[in-house]
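The task is simple: from the sequences and hints, build the whole structure.
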Amino acid sequence: MGNFGACRDVSILSVAPCGPEGAAHGCYLLELENPGLGPAAAGQFVMVRPERFGQNPIWPRPFSICRLTTRTLTLFVQACGRGTDILCGLAAGDKAALWGPLGQGFALEPEIPTVMLAGGVGIAPFVEYAATHPAPSNLSLVFGHRQPLSCYPFAAMAELVGRAEAFCEKTPDDLPVFIERLDAVVAGAASGLILACGPRPFLLTVARLARKYSARAQVSLENRMACGVGGCLGCVEKNALGAYVQTCTEGPVFWVEELALAEDA
Amino acid sequence: MGNFGACRDVSILSVAPCGPEGAAHGCYLLELENPGLGPAAAGQFVMVRPERFGQNPIWPRPFSICRLTTRTLTLFVQACGRGTDILCGLAAGDKAALWGPLGQGFALEPEIPTVMLAGGVGIAPFVEYAATHPAPSNLSLVFGHRQPLSCYPFAAMAELVGRAEAFCEKTPDDLPVFIERLDAVVAGAASGLILACGPRPFLLTVARLARKYSARAQVSLENRMACGVGGCLGCVEKNALGAYVQTCTEGPVFWVEELALAEDA
Amino acid sequence: MSADVSVRLAGLALKNPVMTASGTFGYGLEFAPYGDLRSLGGIVVKGLSLKPRLGNPMPRIAETPCGMLNAIGLQNCGVEKFLRDKLPLLPHSETPIVANLYACDADEFAELAGVLSGAAGVAALEVNISCPNVKAGGIAFGQDPAMAGRLAEAVKKRAGSKPVWVKLSPNVTDIVEIARAAVLGGADALTCINTLTGMAVDIRSRKPRLANVIGGLSGPAIKPVALRCVWQVCRAVSAPVIAVGGISSAEDVLEFILVGAHAVQIGTANFMRPDMAFRIAERLPGLMEELGIESLDSYRGSLSS
Amino acid sequence: MSADVSVRLAGLALKNPVMTASGTFGYGLEFAPYGDLRSLGGIVVKGLSLKPRLGNPMPRIAETPCGMLNAIGLQNCGVEKFLRDKLPLLPHSETPIVANLYACDADEFAELAGVLSGAAGVAALEVNISCPNVKAGGIAFGQDPAMAGRLAEAVKKRAGSKPVWVKLSPNVTDIVEIARAAVLGGADALTCINTLTGMAVDIRSRKPRLANVIGGLSGPAIKPVALRCVWQVCRAVSAPVIAVGGISSAEDVLEFILVGAHAVQIGTANFMRPDMAFRIAERLPGLMEELGIESLDSYRGSLSS
Ligand SMILES: Cc1cc2nc3c(=O)[nH]c(=O)nc-3n(C[C@H](O)[C@H](O)[C@H](O)COP(=O)(O)OP(=O)(O)OC[C@H]3O[C@@H](n4cnc5c(N)ncnc54)[C@H](O)[C@@H]3O)c2cc1C
Ligand SMILES: Cc1cc2nc3c(=O)[nH]c(=O)nc-3n(C[C@H](O)[C@H](O)[C@H](O)COP(=O)(O)OP(=O)(O)OC[C@H]3O[C@@H](n4cnc5c(N)ncnc54)[C@H](O)[C@@H]3O)c2cc1C
Ligand SMILES: Cc1cc2nc3c(=O)[nH]c(=O)nc-3n(C[C@H](O)[C@H](O)[C@H](O)COP(=O)(O)O)c2cc1C
Ligand SMILES: Cc1cc2nc3c(=O)[nH]c(=O)nc-3n(C[C@H](O)[C@H](O)[C@H](O)COP(=O)(O)O)c2cc1C
Ligand code: FES
Ligand code: FES
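Residue numbers (the numbering used here), protein chains in the order written: chain P, 1 to 265; chain A, 1001 to 1265; chain H, 2001 to 2305; chain G, 3001 to 3305.
Please keep in mind that the hints were generated in silico from the structure rather than gathered at the bench.
Computed from a prediction, not measured in an experiment: that's the story for all the values here.
A few of these clues could be false.
No farther apart than 30 Å at their CA atoms in a straight line, the calculated lysine-lysine pairs in the BS3-like style are these [unchecked claim]:
hint, chain 1, residue 1, chain 2, residue 2
1, P, 95, A, 1095
2, H, 2086, H, 2015
3, G, 3207, H, 2015
4, H, 2081, H, 2051
5, H, 2015, A, 1238
6, G, 3051, P, 238
Ranges of calculated distance between the beta carbons of each label pair, as one might list FRET restraints [said to hold, decoys possible]:
hint, chain 1, residue 1, chain 2, residue 2, range
7, P, 35, H, 2033, 32 to 42 Å
8, G, 3289, P, 35, 27 to 37 Å
9, G, 3289, A, 1181, 29 to 39 Å
10, A, 1155, P, 92, 49 to 59 Å
Over the 12 Å line for every Cβ pair with chain A, so calculated as not near, a few chain H residues [claimed, not checked]:
hint, residue
11, 2003
12, 2023
13, 2034
14, 2035
15, 2060
16, 2064
17, 2076
18, 2093
19, 2114
20, 2145
21, 2176
22, 2219
23, 2238
24, 2292
Built from N, CA and C at the ideal position, the CB exists for glycine as well.
This is the structure:
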């Protein structure tokens, strides 16, 4: 088969648990061949479909670009379902179809103090963001997590950026405490740039706080996607005008005020 | 989950190409844990469904017992489709559901000169037959094959049995020559016992020759099976009375005269 | 404190909602080596006709993506032989054994019901008005509301005290219409769904993969269609619904209870592994506890929208 | 000597039979980075209505075994914007671009056809009388033969010289009846099939997986149903049939040609990888050579039984 353009068949180079406890908590780093992906902005994503999927599951899976070098693409993947379980069980040499970089990445304002708010696997795009930021000392990271900290690519980031803190949510009681902390962080960063990636409830909280403190904030959505290229209209989110916009092409990163974020979708 | 009886979850112990050229020709030996399968007659089979199948393919796959010891079950598998490709790509430690021994094996008449006629993977049950036969010197083997001989478990059998010959079918022109040879073999063995396993056209030829020379002959069918236990009525063959009999429970081994073998099924 | 998985279904008390589907579990006995038949909520046996039937020529089955096609053509040993040779060996006093009825017209259905009405070990009659694999009757019955009602009535009249279930075809424009007609005709419960009509071909030999050309599609592939049918029928009729179509896990069972089913049947999944139905029945209470579901009655039909 | 993959289809000359299915290939342009749009047999764009439509609330899609459900609800930019902003960017002089029409009644369909009849870059009109995901019209149109005939007629009258294709629903008792009505009404070709109506639920949240509750099932799971429908329709009508439903390989394409289809559409498989349709179109001639098939015309409908 010829090469048809921007969708390529690549080899998996390695699949490794992230940190000593990664396997137990389903946290993996996947390294793939970089088949020559164009320049990427942190926050953009790729679609991956291992051969192993066969016809089931049917859809590819979207993942943030966690680290892109000229030779390799690294994804940080949490095994949490059929597709990610298969992905994290792959071995070097297995094949996957890969296309990207897709969508819109995070705003980059090198001189502006920028706070990265990450929840769980939502840390993935910020690894690339920090690694490619011209002035990482202007960055700070607030990271909420449930699995042990070593299961995430946190330590290396903490060394790179100006400030990094992690908050472990062990019980439901910890949640209000974390939200309080986020409130303080957003309040303090309202004049800078706020970027958030994580589970939907986390993003809703960030959006609410951004409005509360009139902060400039972007959120990265993780809507269900079938195609990733704007072809199915499945991944939409309601925007501020009441229209449905494709999160795969117009997102996944949006300014908070662009969207009519609903609690329930 | 408890143990519900005769269907068990076992580990794959090893998957290895058969002979130096096995991988190139899709011929593999699979070694599985023997979870305590009851005593088996050569010609009986097992159903295997690797976890890896997920929901697609939906059916398990039937394989002849190629070798059964107290600790291990060996299958000889030709990768020729979705299911067998997956099976032959498994690694030690992968899990599969396994049930059997199923169906009716070959007749065993230790004192009677017995000719085993095998075509391709149809050699599998004869490995067990020869290994468990009380007087293997009464056995002879005629083996028709397409892949290199080293891709099949032929050499070890040849040492064990009284006589063994192999016939390589390289081009379509070789077929009539092989059939001529089979004619001579069946003619010469008409007073003994003839057992055959292989592709359907091969079995039809054997059945025709057995009738021609009034030889006592058994054939082992490879009809498509969904359940392997008599539950679906999918695997039937027309018998001499015009009724459809389940090949998984009443076969796969039948006396030639029990069946109304049709050219076309 | 274990979750309550018992079910009352049109006069029957089931230990649990997990039954087996007709044609996928033989006469039950074939699966006895793989689990305790008494642990099942019920066993529906292979479709029975008045006289033994040969069934269709081979090949009769073909694999499809996440499913399969079959055109068995209702091969069976006939009702007499079933009652004489098979039923006595089944644990009918501990688990409801349900007869699945196939016939070519209303009179024959009535006669068959009459024969079965007297069989002590038979707990209910399931009327198959939806088999796509036979020339006479079969699916056409289940596609015409008037006919469906008439057959339900004919069977009910001769069924004595046995509950009558009517098994519906999804190959219709409006399954609710057929469901209503069957209930009006006297059905005590409805089984939803039989197979979807499908086909497979071999591009090399240029032949259909089934000698019968068309067959019935079953397995996980059809679960979304079954779920939709069960949901529609549950909202429209008050008779209890027994769900079938692509169920292969305890989670799937709860999906069907959630949209309103009283009980379920495991079909094609029995071929994935012969202990499947047993495993699902065993797993269900634990899953319910994990999800905080106290009883099926409390969960049934609780879908919000 | 390469196999002949060209097709004549109701007045159109296609390079090859591999088109893309409405709603699964955006407006075509989204897939331009993944292959040469001119290498396709045709491109059917997302369903168009007279006015832009918002579509259904989210979530709109759910994965199912070997398939998916969608309830997009025909979100589209409206026919005007399509003609103004999208069509000029498509290679319409090299590859037929087909408009897929959705409307709420016959008058609206006719008006829409009128608008499109004048658009030079539009090669044919595909009338969607079978969408399960909208309240008004949609699937009900495709379930009533009289209505199907009326809509075909209304569109045909205003379509000018453009061929009219009518897209059929599999959610009917008898698809042949609808097919005949559409052809009598004036359809030049029939597209078979749209999605099967299905549903999925979440046992934890107790909610439907689609905000619209029900949706359309597509993908390899439904291929056996599509194949059966195409076979039935091809035997019953002389109008050419465009097959769609679960096609994901060149082998699948030949299956549908074998039962009588003139051309095919790739739908859900475009989501498996965005170069899927291009790959299938490229692979087809090679596969035909391997199988000794000289032309599609010689292979079409050659199923033996
Ligand atoms: C732009 C984008 C970037 C992402 N980046 C990462 C990343 O860097 N690392 C990472 O681990 N995960 C990331 N995700 C989420 C990841 O795609 C999902 O976890 C994955 O698709 C789930 O697949 P599964 O088969 O394992 O789960 P499933 O078995 O399909 O479902 C498990 C759960 O995940 C939800 N889900 C299923 N598919 C998706 C989907 N496509 N998007 C979101 N939720 C889904 C289901 O509703 C269900 O609740 C990203 C998602 C998006 C949209
Ligand atoms: C009793 C019995 C014993 C067998 N023993 C062996 C053995 O020892 N070693 C071995 O390699 N093979 C054996 N087979 C055949 C083996 O089961 C099939 O090769 C296998 O099921 C094909 O699966 P697949 O998914 O690779 O092929 P598929 O992709 O499903 O199909 C490839 C081809 O195989 C045919 N086929 C599919 N399923 C079956 C089936 N269940 N039985 C027969 N043909 C089928 C199809 O029609 C098709 O032509 C045996 C079969 C039976 C019934
Ligand atoms: C091999 C096979 C045989 C079947 N035979 C019958 C039958 O005799 N009577 C009947 O009512 N349904 C029969 N069915 C339909 C099943 O009972 C069930 O309704 C259908 O397969 C859908 O469920 P599933 O997807 O779980 O298999 C048969 C199905 C299969 C696969
Ligand atoms: C996301 C999605 C959107 C669709 N939108 C339309 C549409 O707008 N108009 C239409 O006629 N069919 C639409 N369809 C149906 C497809 O064109 C096709 O008929 C169906 O999906 C079956 O083919 P498949 O299995 O190859 O996907 C849509 C299908 C999907 C999956
Ligand atoms: S995922 Fe298909 S349009 Fe966004
Ligand atoms: S394989 Fe099911 S009855 Fe033989």
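Inset, instruction - With a cut-off of 30 Å on the C-alpha distance, tell me whether residue 3051(G) and residue 238(P) pass. - result: Within the cut-off at roughly 19 Å; holds.
Inset, instruction - Can you let me know if the beta-carbon spacing of residue 35(P) and residue 2033(H) is within 32 to 42 Å? - result: violated, 52 Å
Inset, instruction - Taking the shortest Cβ-to-Cβ distance between residue 2093(H) and chain A, state whether it exceeds 12 Å. - result: holds, 21 Å
Inset, instruction - Hey, is residue 2145(H) genuinely clear of chain A, shortest beta carbon separation above 12 Å? - result: holds, 31 Å
Inset, instruction - Please confirm whether residue 2023(H) is truly not at the interface, meaning its C-beta sits more than 12 Å away from all C-beta atoms of chain A. - result: violated, 7 Å
Inset, instruction - Run the C-beta distances from residue 2176(H) to all of chain A and say if the shortest one exceeds 12 Å. - result: Residue 2176(H) clear of chain A: closest Cβ-Cβ about 29 Å, beyond 12 Å.
Legend entry - Range hint 49 to 59 Å (beta carbons of residue 1155(A) and residue 92(P)) holds or violated: Violated: the Cβ-Cβ distance is about 34 Å, outside 49 to 59 Å.
Inset, instruction - May I ask you to test the hint 29 to 39 Å on the CB atoms belonging to residue 3289(G) and residue 1181(A)? - result: holds, 35 Å
Legend entry - Status of the stated non-contact between residue 2060(H) and chain A (beta carbon gap over 12 Å): Its Cβ does come within 12 Å of chain A, the nearest being 5 Å, so this is violated.
Inset, instruction - Mind checking the alpha carbons of residue 95(P) and residue 1095(A) for me, to see if they're no more than 30 Å apart? - result: holds, 22 Å
Inset, instruction - Decide if the proposed pair is consistent with the structure: residue 2015(H) and residue 1238(A), CA atoms, cutoff 30 Å inclusive. - result: Violated: residue 2015(H) and residue 1238(A) sit about 40 Å apart, past 30 Å.
Inset, instruction - Evaluate the condition: distance from the CB of residue 2064(H) to the nearest CB of chain A exceeds 12 Å. - result: At about 8 Å from chain A, residue 2064(H) fails to clear the 12 Å cut-off, so the statement is violated.
In this structure, the hints that do not hold are numbers 5, 7, 10, 12, 13, 14, 15, 16, 17 and 22, in rising order.
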